[in-house]
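Residue numbering for the sequence shown follows numbering that gives the first Met the number 0, beginning at 0 and increasing consecutively.
Quick caveat, the hints were computed from the structure, so don't treat them as lab data.
It cannot be assumed that every hint is accurate.
DEER-style ranges, computed between Cβ atoms [to be verified]:
no.: 1; residue 1: Ser-11; residue 2: Asp-87; range: 36 to 44 angstroms
no.: 2; residue 1: Ser-19; residue 2: Asp-100; range: 37 to 45 angstroms
no.: 3; residue 1: His-106; residue 2: Glu-81; range: 19 to 27 angstroms
no.: 4; residue 1: Ser-11; residue 2: His-110; range: 37 to 45 angstroms
no.: 5; residue 1: Ser-125; residue 2: Asn-10; range: 47 to 55 angstroms
no.: 6; residue 1: Leu-59; residue 2: Thr-2; range: 16 to 24 angstroms
no.: 7; residue 1: Ile-86; residue 2: Ser-11; range: 32 to 40 angstroms
no.: 8; residue 1: Ile-86; residue 2: Leu-28; range: 49 to 57 angstroms
no.: 9; residue 1: Lys-109; residue 2: Ser-52; range: 44 to 52 angstroms
no.: 10; residue 1: Asn-69; residue 2: Glu-112; range: 24 to 32 angstroms
no.: 11; residue 1: Asp-100; residue 2: Ser-35; range: 50 to 58 angstroms
no.: 12; residue 1: Asp-87; residue 2: Val-56; range: 47 to 55 angstroms
Just so it is clear, CB atoms sit at the ideal spot from N, CA and C, and this is done for glycine as well.
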Amino acid sequence: MKTSWFLAFSNSLARLAGRSWTFVTAAGLVVIWGASGPLFHFSDTWQLVINTSTTIVTFLMVFLIQNTQNRDTAAMQIKLDEIIRAIDTAHNALLDLEQLDQKELAHFRKHYERLAQEARSDLRSSNSGANLVDRVDQ
Numbered sequence: 000m001k002t003s004w005f006l007a008f009s010n011s012l013a014r015l016a017g018r019s020w021t022f023v024t025a026a027g028l029v030v031i032w033g034a035s036g037p038l039f040h041f042s043d044t045w046q047l048v049i050n051t052s053t054t055i056v057t058f059l060m061v062f063l064i065q066n067t068q069n070r071d072t073a074a075m076q077i078k079l080d081e082i083i084r085a086i087d088t089a090h091n092a093l094l095d096l097e098q099l100d101q102k103e104l105a106h107f108r109k110h111y112e113r114l115a116q117e118a119r120s121d122l123r124s125s126n127s128g129a130n131l132v133d134r135v136d137q
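Take these sequences, add in the hints, and give me the full structure.
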């Protein structure tokens with residue numbers, strides 16, 4: 000499967016940004032910047048360097064993180080859809096729910112909340128499930 004240059008770049012950068020030594024390097028740069036303050040007499044330019052640098056890095060990282068998160072979420076949704084599709088007793092109407100609007104999602108949610116409440120009531124009425132439900136309710 001051919002991957003785009005941006006996908007390869009964003010995957011590599013996300014892996015790099017998530018490493019502990021990347022954090023240590025960034026913290027080290029901030030310490031060096033802070034220690035260099037007296038050398039530059041805590042000038043406006045000295046302050047502008049850290050402000051500009053952190054703003055640029057933050058701005059770019061927001062897009063990188065969003066791209067990575069979008070792909071992860073899409074992959075997870077596909078996997079969940081496949082699990083729903085593969086289970087004979089599951090409702091295929093639950094496939095691709097993320098495409099529904101808030102009103103439609105609320106309808107499904109109420110239905111499943113009602114089923115959960117009924118299951119808890121059934122569990123409470125049996126002696127074997129009473130302790131479990133009490134522990135969960137606490």
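Do the hints match the structure? See the list:
| no. | hint | in the structure |
| --- | --- | --- |
| 1 | Ser-11 to Asp-87: 36 to 44 angstroms | 41 angstroms, holds |
| 2 | Ser-19 to Asp-100: 37 to 45 angstroms | 42 angstroms, holds |
| 3 | His-106 to Glu-81: 19 to 27 angstroms | 24 angstroms, holds |
| 4 | Ser-11 to His-110: 37 to 45 angstroms | 43 angstroms, holds |
| 5 | Ser-125 to Asn-10: 47 to 55 angstroms | 50 angstroms, holds |
| 6 | Leu-59 to Thr-2: 16 to 24 angstroms | 20 angstroms, holds |
| 7 | Ile-86 to Ser-11: 32 to 40 angstroms | 37 angstroms, holds |
| 8 | Ile-86 to Leu-28: 49 to 57 angstroms | 51 angstroms, holds |
| 9 | Lys-109 to Ser-52: 44 to 52 angstroms | 49 angstroms, holds |
| 10 | Asn-69 to Glu-112: 24 to 32 angstroms | 28 angstroms, holds |
| 11 | Asp-100 to Ser-35: 50 to 58 angstroms | 53 angstroms, holds |
| 12 | Asp-87 to Val-56: 47 to 55 angstroms | 50 angstroms, holds |
In this structure, every one of the numbered hints holds.
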